[in-house]
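**Q** Please work from the sequences and hints to get the whole structure.
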Amino acid sequence: MDYSQFLMMPQELGLLLVFLLVFLFDTFLPKKAQSSLSIFTCVVFALFTIANVFMAGNGTSFSGMYEQTSATYAMKLILNAGMLIVLIQATKWANSEFVAVRRGEFYELLLATLLGMYIMISARHFLLFVIGLETASLPLAALVAFDKKHYESHEAAAKYMFTAVFSSAIFMLGLSFVYALAGSLYFNDIAVNIMGGQSALLIVALVFVISGVGFKLSLVPFHLWTADVYQGAPTAVTSYLSVISKGAAAFAFLVILAQVFGSAYSAAWEWMLYAVIVLTITVGNLFAIRQRDLKRFLAFSSISQAGYIMLGVIAGSEVGLASLMFYVLVYVFSNLAAFGVIAAIENKTGKVNMDDYNGLFKTNPWLAFSMMLAMFSLAGIPPFAGFFSKFFIFVGACHTGSVAIYVLVLIALINTIISLYYYLLVVKAMFIKQDECVIPTFKVACSEKVALIITTLGIILIGLASCIYTYLAEAASNSSAMFMFIH
Amino acid sequence: MELSLLMYLIPSLVMFGCGVYGFITRKNMIAILISLELMLNSVDINFAVFNSYLFPGQMEGMFFSLFAIAIAAAETALALAIVINVYRKVKNVDIKEITKMKF
Amino acid sequence: MFLFLGLMTTKLSKKVAGTLGTIGLGACLVIGYTAALTYFASGSLEPIKVLDTVWIDFSQIAEGFSINLGIYLDPISAMMLIVVTTISFLVHLYSNGYMDDAHLIKYGHEAEGGVKHGFQRYFAFLSLFTFSMLGLVLATNIFQMYIFWELVGVSSYLLIGFYYTDPAAIHASKKAFITTRFADLGFLIGILILSYYTQTFDFDTLINGSSSAISTMQGTSFLGCSVLCWAMTCIFIGGAGKSAMFPLHIWLPDAMEGPTPVSALIHAATMVVAGVYLVARLFPLYLIAEGSLIVITVVGAFTAFYAAAIACAQTDIKRILAFSTISQIAFMITSLGVARPEYHEGVGYMASMFHLFTHAMFKACLFLVAGAVIYRVHSNESGKMGGLHKYMPIASIACLVGCLAISGIFPFAGFFSKDEILVAAYANNTLWGLWMSMVAGMTAFYMFRLYYLVFWWDKPDYEAHGHHAPKEAPMVMTLPLIILSVATCVIGFLPFSDYITYNHEPLHAGHDWTVIISSTVIALIGIGLATVLYFKKNDKPAKMANAARGLWTAANKRFYMDELYMFITHNIIFQTICRPIAWFDRAIIDGTMNMFANITNAASYAIRKFQSGSIQSYVWIYLVGALAIAVVSMLCLI
Amino acid sequence: MIWSNILIYFVIVPLLVLGGLAFSKSMKAIRTVVVTGATALMVLAAYLVIEFLQIRAAGVTDEMVLTGSWVWYAPFNIHLALGVDGISVVMIVLSAFIVFAGVFASWKIDPLPKQYFLWFFLLSTGVFGFFISIDLFTMFMFYEVALIPMYLLIGVWGSGNKNYSAMKLTLMLMGGSAFLMLGLIGIYFHSSANVNELTMNIVEIAQNNAIPHSWQMWLFPAVFVGFGVLGAMFPFHTWSPDGHASAPTAVSMLHAGVLMKLGGYGCFRIAIYLMPFAAHELGWIFLILTGVSVVYGAFSACVQSDLKYINAYSSVSHCGLVLFAILMYNTTAMTGAIMQMLSHGLMTALFFALIGMIYGRTHTRDIRKMGGLMQIMPYLGVCYVIAGMASLGLPGLSGFVSEMTIFIGSFQNSDTFHRVFTIVACSSIVVTAVYILRVVGKLLYGKVQDPHHLELTDAVWHERFATIVLIAAVAAIGCFPNFFESIIKDTFTPGGIYDGILATIGQPLPWM
Amino acid sequence: MDSVGNIIMYVVIALAIIVFSVLTVTTSKILRSATYLLFVLLATAGIYFQVGYEFLGAVQIAVYAGGILVLFVFAILLTHRPDAKSQPLTSEKRWLGLSAAIAGVLVCGYALIKQCDVVSATLGSSDVTIEKIGQALLSTDKFGYLLPFEAVSVLLLACIIGGIVIARKR
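Chains as they are written, first to last, in the numbering used here: chain A, 1 to 487; chain B, 1001 to 1103; chain C, 2001 to 2638; chain D, 3001 to 3512; chain E, 4001 to 4170.
Where hints are given, some of them may not hold.
In silico EDC-like cross-links for lysine to aspartate or glutamate, where the CA-CA straight-line distance does not exceed 20 Å [unchecked claim]: (1) A/K351 - A/E270; (2) D/K3369 - C/D2316; (3) A/K443 - A/E97; (4) E/K4169 - A/D26; (5) C/K2609 - A/D293; (6) A/K348 - A/E152; (7) E/K4132 - A/D2; (8) B/K1100 - A/E152; (9) D/K3447 - D/D3366; (10) C/K2609 - E/E4092; (11) B/K1102 - A/E152; (12) E/K4142 - A/D355; (13) B/K1091 - A/D435; (14) C/K2557 - C/D2204; (15) A/K443 - A/D356; (16) A/K351 - A/E436; (17) A/K362 - A/E270; (18) A/K362 - D/D3110; (19) A/K32 - A/E152.
No lab work stands behind these hints, which were simulated from the structure alone.
Remember, predicted model here, so these are calculated numbers, not experimental data.
**A** Encoded structure:
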């Protein structure tokens, strides 16, 4: 027994420390001091994020159960960045009258789920992975139900919970089959044991495993919970769900595909994944067209974005990995900008309908501007970051060079037109519709403003500053061992 | 007569099927949760019997079952809390109550 | 001499007031005369390239292949130089009187205060035209000719449509431009074919230097004819359009909607003969492509007759003159068509140019007379005129001179030139000779019909309509008439055959007395007939018209050619091509694009049921979806 | 150093204008900023021409001059690679002109002038960036930068059915760019025979000439259609009538004048020169389409009653001619194509400017409701006639020069197929005359249809200024074409990257 | 060759699982459903005992039967309303449920049967003592589960907090 191995996972320990600090603050400090909990959390988390820079390290611990590579490290950094923005954004909401009593729990749960995601990303053993996955999803149900005023919040939580448990049951069933085939739950062992094997059981196992992770990533046909939950959950939680949770799941997905099932790779799977990607992008887009509720709208948009993220997964290469991480990073900023605006307006007026945004530019030009940038970035319009991430993810996908993947990319590209259509609908509502705006001019809270500035700057700069992608590409190529079974 | 692995898998699979059936058909949310328990339970059986039949030398499957039980407990607790929460809001645990958001 | 183009260019950009324009043109006149006379006096008839600058370079296609701009002097261009500058100068002069304020206001096309502007505009256009026409005649290469060809077309358009508030004028200008544009398409294609084989546009090279390319063209056959033949015919189509040959003549009569001096300048003397000039310019090539010469002859001969026949039945004096112009140009064209080196050393070529020259003088004269009359009577209709010889004696005499000239009565200019044409026609084929003689007789008839109807016939009651009694036009208008009349009397004696020949060698042919006498007799018969019918008011013409009602109406309606064109353009092209295309564009192409959007929307609506809100259906889809994927993958594997 | 390259300033100046606009408060300040910016661009463009001529005069025969390359995204070998040849130089000059005139044409834009000019200059950033780049990625990026502001410019400041038009335009153009992006990615992955030396630099790609023929056959249509949509190629042109009809004046100018040229330029620079094999094999299909475009657009224009629709269809026809000439694959026709881009850009801009000014006064664009405007606003009338004359190919104005160069060049292809299509394209000059004269006749001549129009005024100084600039440019090209043509033609010096495509001249078509 | 007792045991357990599973999801009374679930859970523990995982079986009984089921019963009693009529099951819904369940079982069963080594395997001799379990649970070596053990504690803590948040009135 060598407990020093825990020191190999400094990021998790750090996060646990943050969690504990917040927990203690919440539990033991007097009522009066409670109101500063938000700031405290933000600051501590920001410090932790900065400290993360010094926590880079490579290597496995717990005999291969846990692995830290430069890619996982980078991914955790991205999640941290997103988390920080979410925390800042949520400050206003967390301090609002109805939520303030449960402020501490809110932060604790958020941090706990983030820890789950860390575990998920770094886990190289399915048991640990399942625990990470559940840690990342179960407390979220509680967060979804946070808005006790609104019935939708409860409905969303129930839906989330039931489907999540169902999904995890299916996932674990798949795992049991994997176990039957490989006799171990260590990723490396499985990969070695199933190498080159092609059996019906393996396919069923793979599909079930994919469905479990795909559920988190909301791939079609495992996506149906997404819209309802996003719509019902408090906006802060929705934004968290849509970016952080999704980003971690995407990375985990890539890890599982490459490191576990990469050794038994076959054309049959390829088609399966292609079908899922095409469906995800298309269905997400088709549903998004009709939505008027902005949160629901962004839910469907995020489904189709998940499809694009998957393009980086199927690339199965360092380029794909780098593109995926970059895509997630950009997506974090873009989507959080959008949610930031929505949250700001919702906190003030309670309006989330697209029709309420008509003429927003006249009353709140800066909010409209941020929203527009977010929409453009999500649609992949240069010079905003979304363009770069989309381009790179396509390049990453095409890296494999088969004709089929070009067709897939073409379908994805055609879908970008549909997505552009509905993103432009929002822009249209804000800028072009000349109606009298129902949202009055108001002053955005300081915390929200900070978050919006960060995200807007991110949208503009992440693409233009090539160093970020270069860094991720380097991290990816340092982690090329991930793909040893594919190449 | 030898009790082969299949003999144990059949009840497990049936249990799983029942769980699925129950999930889809039951109207009471708690009944749905009960169905979910069936599914989770069947997975545990799978792990255990795979372990003992196929890989008797180690305990991976058994441990997975062990942890799965713990996780299932947590899930159930949380799910029940949510159900009760819904009940408090609408005085009902009918699954129809949570179909407001759609399309 | 080198300043020529530059001078013209400055004229183009100025909004010249009338006098300034006239003075400028006077300067041109002087320069033009100096140039031409110097050239003729030099004794050598070899062409001179005064200026030749590269405008667009195509040296990547072939060495020396370029579009140049320059000045090219040879006998015919020098002659044209004289014609253009003379007529243009006189018309400028005349316009100073014609386009006075009262006239402009009568046409009411300017809002108050805009009158002066219209006057300037008129002179600007006129100068633009003169510039373009000079550029055309002095072109060093076929492409330069095309360039200025287009420019004269545009100036013609602008001038015809000068009264732009008048729908008829607008319509006429459009018609003129589009018809000639259509013809120019032929010209362009001809140029393209020609230039592809010869890799040059230059006249000199085309005619002398590229015999091998030309023989290649002759050797290459396309749809039964040699490529050269096609090319030359296409080029002739261009010329036919400008020169209003049948069936592209329809624009010219309508073009009379423009101010009368413009008609005199453009639509009688200069621009319309550009087609003749073009054929003459490329005559050596036409000689090689004999097929196209036959086309030219047939078209020319038919048009001559056709236009003459229509002219007999028109009542609008300008229309009569217009058809007469068509007919006379057809004479020139025919003359070129029948010219062959073996017959009298190609006298037809000389005759054509000669006729061009004389026709310019007397037709301009006739138009200016018509202008003077219209200026005073305020109408184009011959029915509203009559007996004007008392009121406008000078105009009357000028008109008589013009009519005699066009009829071919000695010693007026037309006699000499028409005579040569007939000689050429007889020399080629007696049939052509007889045909052309007949047309010459008709010419005499309708011209005198016009003369009598305007100046004799009956005297309507001018005061009755509240107008003043007509009187002689002002001096600026009569002076050109006198000059032109005098010119008409004397220019016939110019020794054309010494200078203007297709091979730059003086001609040695004498006069053919049989032709001279016969043509004079025919002309006299025509005049006599006209005198009998129209000298005094009587009902014989009406009776005759009634006797051949169908023919009369057909001729009066110009044999329904305009209706045919209207039918083709409006009903066929607009209704069956443009509208369907426009509809197709909106409904099918655009519809398809919209359909994509609609399909997307419909699909979006159709699949919304999957999102039913019930988690039980969610998990059903979840599980069945997963199983389906698994099954399909398994099937793939097996 | 990147700042020592003059080309980069074509992007920086508009960006500075954006910055300046952000801090401008009053209308006066806005105008000062935009006029300064537009003038600076003009000056830069003039300087560029001089510089370019000097370089060429010094005997430099490189395909691209003033090149510079700075690594941007190393993992994909993406550079910020700049460079111009004669074609880009004239396109830059064109853009500078249109932007300059556009600023004056939108002098009194209302509402939100600041935002309007922000988007306007963002668009021009894209345009200039596209023309100065020789890196596929940056080209594509700038291309899209130029596209998207259109949506808001039309949507907010447009007229008529603007929502629909703006959406349609944006979606169709982005649809095109979807194909384009695929094509570019395909090109990138086959840009070099060596997998480790993949490049985005078009000069290098052309030199490597490593794209397998089988791939070219797929990538060429993708790229060509992608750019063809923007070049209003039949049957992907339908955004153009609606879009132009709804766009505000200066946006129509910029869009028809410059943006549509991006399409032609892209087809030319990327589709054809990077994939000569497929260009030759498949060119005839597109030749048919563009040939159809030419006559089709012209015929459609004949029966329209909205001024902008007429002009939009006319643009379809003229831009069709651009692509048509490019597909002729010979130096003269291609030179003509570039000239046609230049000429069409200027004269369409002029047209749209005038239509905008007329619309601004009469508040209708229906020619049936107008008439006799020549009496009321002679200045605009005369300008309109000049624009019309340029459009129908009057010698001395730009249209003639370019069309003739195209026709002469096209006719050098000696097979019947090309000949027939050349003649078909030639015939468009007649149809063009028909619709131009029709609209001139109805709009400017004749009786005044609406008595209210009698009270309208003629152009004011900024409008006059905008039109004079454009007319001067149109006339300059028309009178001194050889100056421009020689700049363009330098590009096709033998031995350069264009040999691949030029070698296909005269080879029989695939099915012959 | 298994002993007869074992086989009888097996038959009883298997039958109990199948019958009570079906009853659990078909009975219309929710409390009965919970009761049948208890039997299923106990039978499952029986399987664990049969394959030699006594500890697992004990945990199963303690946690599932003893803990979770009590929760269920509490919840049922909390939410039970005697007056609530349960609507009859629609045939559409039943068909949906049956199709999904049967399809799932068939696909999994087919995949398992195809895998011959899985089907034909016999029970190996495993010696799972509490000591070994304890060692493994706190080991950091291969097949040591210290990290999951710690991680699951975080999960449980988070779930507790979550449960509190949800259950609190405000």
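**Q** All hints, please: hold or fail.
**A** Cross-check of the supplied hints:
Using a Cα cut-off of 20 Å, the hinted pair A/K351 and A/E270 is violated, with the two alpha carbons roughly 43 Å apart. With a C-alpha separation of about 33 Å, the suggested pair D/K3369 and C/D2316 falls outside the 20 Å cut-off, and the hint is violated. Restraint check for A/K443 and A/E97: the C-alpha separation of about 19 Å stays at or below 20 Å, so the hint holds. A distance of roughly 19 Å separates the Cα atoms of E/K4169 and A/D26; the hinted pair therefore holds under the 20 Å criterion.
With a C-alpha separation of about 18 Å, the suggested pairing of C/K2609 with A/D293 holds against the 20 Å cut-off. Between A/K348 and A/E152 the CA atoms are separated by roughly 19 Å; this keeps the pair inside 20 Å, and the hint holds. About 18 Å separates the Cα atoms of E/K4132 and A/D2, which keeps this hinted pair within 20 Å; it holds. Distance check on the hinted pair: B/K1100 and A/E152 sit about 8 Å apart at the alpha-carbon level, within 20 Å; holds.
Restraint check for D/K3447 and D/D3366: satisfied, since their Cα atoms lie roughly 15 Å apart, inside the 20 Å limit. Distance check on the hinted pair: C/K2609 and E/E4092 sit about 15 Å apart at the alpha-carbon level, within 20 Å; holds. With a C-alpha separation of about 11 Å, the suggested pair B/K1102 and A/E152 falls inside the 20 Å cut-off, and the hint holds. Proximity of E/K4142 to A/D355 is assessed by CA-CA distance (about 58 Å); at most 20 Å being required, the pair is judged violated.
Annotation: proposed proximity of B/K1091 to A/D435 is violated, straight-line Cα distance about 42 Å (limit 20 Å). Note on C/K2557 and C/D2204: the hinted pairing is violated, with a Cα-Cα distance of about 45 Å set against a maximum of 20 Å. For the suggested pair A/K443 and A/D356, the alpha carbons sit about 18 Å apart, so the restraint of at most 20 Å is met. The hinted pair formed by A/K351 and A/E436 meets the criterion: a straight-line CA distance of about 15 Å does not exceed 20 Å.
Straight-line distance between C-alpha atoms of A/K362 and A/E270 comes to about 49 Å, which puts the hinted pair past the 20 Å bound. This hinted pair checks out: A/K362 and D/D3110 have alpha carbons roughly 14 Å apart, not beyond 20 Å. Restraint check for A/K32 and A/E152: not satisfied, since their Cα atoms lie roughly 32 Å apart, outside the 20 Å limit.
The structure shown violates the earlier hints numbered 1, 2, 12, 13, 14, 17, 19.
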